[in-house]
Amino acid sequence: MTEVRVRPVSRAVLLLLCAAQAMLIIDVVVVNVAIPAIRAELGIPDERLVLTAIAYTLTFGSLLVVFGRAGDLLGRRRLFLYGLALFTVASLATGCAQSEWQLLAARAVQGAGAAMVAPTALALLTTTFAEGAGRNRALGYWAAVGSAGAIGGQLLGGLITGTLGWRWIFLINVPVGVAAIVAGHRFLTESRVPRKAPLDLRGAVLLATGLATAILALAGFAPAALAAASVVLLTVFVLGERRHPDPILDGRLLRTAAVARANILLAVNAGTLAATLFFTTMYLQEVLDYPAVQVGLAFAPVTLVVLVVSPRAGALVGRYGVRALLTAGFLLLAAGMLLLSRMPADGSYLRDALAPLLLLALGSGLSYAPTFVAGTTGVADDRQGVASGLLNSAQELGTAAGLAVLGPLAAAAGAGAAGYRIGLLTAGGAMLACLPLIRGLTATPPGPGPR
Numbered sequence: 168m169t170e171v172r173v174r175p176v177s178r179a180v181l182l183l184l185c186a187a188q189a190m191l192i193i194d195v196v197v198v199n200v201a202i203p204a205i206r207a208e209l210g211i212p213d214e215r216l217v218l219t220a221i222a223y224t225l226t227f228g229s230l231l232v233v234f235g236r237a238g239d240l241l242g243r244r245r246l247f248l249y250g251l252a253l254f255t256v257a258s259l260a261t262g263c264a265q266s267e268w269q270l271l272a273a274r275a276v277q278g279a280g281a282a283m284v285a286p287t288a289l290a291l292l293t294t295t296f297a298e299g300a301g302r303n304r305a306l307g308y309w310a311a312v313g314s315a316g317a318i319g320g321q322l323l324g325g326l327i328t329g330t331l332g333w334r335w336i337f338l339i340n341v342p343v344g345v346a347a348i349v350a351g352h353r354f355l356t357e358s359r360v361p362r363k364a365p366l367d368l369r370g371a372v373l374l375a376t377g378l379a380t381a382i383l384a385l386a387g388f389a390p391a392a393l394a395a396a397s398v399v400l401l402t403v404f405v406l407g408e409r410r411h412p413d414p415i416l417d418g419r420l421l422r423t424a425a426v427a428r429a430n431i432l433l434a435v436n437a438g439t440l441a442a443t444l445f446f447t448t449m450y451l452q453e454v455l456d457y458p459a460v461q462v463g464l465a466f467a468p469v470t471l472v473v474l475v476v477s478p479r480a481g482a483l484v485g486r487y488g489v490r491a492l493l494t495a496g497f498l499l500l501a502a503g504m505l506l507l508s509r510m511p512a513d514g515s516y517l518r519d520a521l522a523p524l525l526l527l528a529l530g531s532g533l534s535y536a537p538t539f540v541a542g543t544t545g546v547a548d549d550r551q552g553v554a555s556g557l558l559n560s561a562q563e564l565g566t567a568a569g570l571a572v573l574g575p576l577a578a579a580a581g582a583g584a585a586g587y588r589i590g591l592l593t594a595g596g597a598m599l600a601c602l603p604l605i606r607g608l609t610a611t612p613p614g615p616g617p618r
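Just add 167 to the spot in the sequence shown (first one is 1) and you have my numbering.
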């Protein structure tokens with residue numbers, strides 16, 4: 168199917184798309200370090216703190232595939248700019264929230280805006296750069312800002328919370344968002360496909376509610392009932408998609424081995440890394456008694472390593488192949504998690520945490536770009552929005568699942584370092600368990616698939 172584009176996209180567009188993605192990913196984790204300050208000012212009870220952490224992820228993760236397909240049909244540039252505007256306004260509302268429920272509502276709207284931006288940004292990138300070295304390099308930069316955002320959010324959150332206050336971790340998005348909107352109007356050209364049928368609104372509602380109930384179940388809210396509801400909703404969605412002339416989620420995508428494996432690997436990677444960063448943050452704050460600023464600075468070298476390694480990983484895919492880089496990345500991630508599990512109650516950052524965190528940075532930097540290459544290579548241009556939405560959904564749902572599963576597991580194992588040890592051992596084991604999936608990928612990126 169032929170793409171509709173008006174003019175070539177410059178390097179400025181790659182910078183714009185990566186900057187937008189970094190802002191979205193940072194907002195997933197930036198709240199972690201600020202939770203104690205938010206709890207104290209807004210009087211949020213401990214049993215509802217998890218809502219503060221997942222309100223953004225709930226709408227972000229559940230709407231990604233829907234907005235990915237909407238971008239394919241309605242225009243990726245249009246949805247990207249609308250999403251940025253919604254995200255920016257919601258960031259302002261979050262920073263000005265005066266109660267728990269104002270904060271939660273604004274964070275949920277912020278997540279909806281992010282769900283409009285993320286898949287359309289990645290689809291704009293993958294339809295701009297042809298398969299091969301150019302796209303791999305671009306995806307390397309994309310992976311760099313994603314990985315650095317996930318880790319650097321801890322640094323940014325700690326520094327801002329400790330100096331300006333927690334509200335500024337959200338308010339800082341406002342000038343960045345406005346600048347991105349202006350740049351988008353200036354540099355972006357429209358990218359979409361001819362519409363064969365209207366957007367499947369029934370399928371969109373079923374998919375979004377099915378994923379939202381799954382996230383809430385993973386977070387521990389009526390898990391049995393919501394898990395059952397999620398299964399029913401997603402089953403009805405799948406059955407309906409088989410009969411729809413232009414489905415939101417084309418089943419052929421997930422029947423493509425590389426796409427399916429890439430999504431599983433990304434979900435596990437994101438979930439275990441999110442839990443590991445959470446355990447490490449809590450260890451530094453609760454066990455070593457580090458203030459927020461010091462916790463943020465502890466992640467500075469990790470962020471630097473990711474920023475150096477990730478852009479090069481995309482270029483290395485063409486030389487060494489997806490499988491080799493993913494294997495190296497997952498082994499390094501597993502090693503970092505297993506070494507972090509040895510952190511004692513009387514430990515220190517330099518002796519017990521820094522080296523394992525640097526291994527995490529290397530592993531994350533090497534693994535993200537080839538995962539995105541595997542998940543988008545061979546996908547037709549008219550389905551790039553959906554493929555991008557799938558990958559982003561896998562990342563967000565994996566993050567939610569990792570925290571929901573490993574967090575309670577660590578808490579049940581004991582308080583402080585003892586509990587974190589079990590959580591980190593499990594995370595490292597999950598990374599090693601993924602190695603057979605990686606071996607099933609082709610050694611080099613697959614060529615273009617059927618269009």
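None of these hints come from the bench; they were simulated from the model. Any given hint could be a false lead.
Cβ pair distances, simulated, as ranges [as the list claims (entries may be wrong)]:
no.	residue 1	residue 2	range
1	Arg369	Pro458	49 to 59 Å
2	Val460	Ala582	35 to 45 Å
3	Gly485	Asp513	45 to 55 Å
4	Leu259	Arg606	43 to 53 Å
5	Ala600	Pro390	16 to 26 Å
6	Ala395	Ala186	37 to 47 Å
7	Val460	Leu368	44 to 54 Å
8	Leu368	Leu517	28 to 38 Å
9	Cys263	Arg422	45 to 55 Å
10	Gly583	Pro212	16 to 26 Å
In this text, a Cβ means the ideal position worked out from N, Cα and C, and glycines have one as well.
Against the structure, the hints:
Taking 49 to 59 Å as the suggested C-beta distance range, the pair Arg369 and Pro458 conforms, at roughly 51 Å. At about 25 Å, the beta-carbon gap between Val460 and Ala582 misses the expected band of 35 to 45 Å. The supplied range of 45 to 55 Å is met by Gly485 and Asp513, whose beta-carbon atoms lie about 47 Å from each other. Against the hinted window of 43 to 53 Å, the Cβ-Cβ separation of Leu259 and Arg606 comes to about 48 Å, which satisfies the hint.
Distance hint for Ala600 and Pro390: a CB-CB separation of about 23 Å, consistent with the stated range 16 to 26 Å. At about 41 Å, the CB distance of Ala395 to Ala186 agrees with the hint of 37 to 47 Å. At about 47 Å, the beta-carbon gap between Val460 and Leu368 stays in the expected band of 44 to 54 Å. At roughly 55 Å, the beta carbons of Leu368 and Leu517 sit outside the given window of 28 to 38 Å.
For Cys263 and Arg422, the hinted distance range of 45 to 55 Å is satisfied, since their beta carbons lie about 47 Å from each other. Under the hint 16 to 26 Å, the C-beta atoms of Gly583 and Pro212, about 22 Å apart, fit the expected range.
When each numbered hint is compared with the structure, violations occur for hints 2 and 8.
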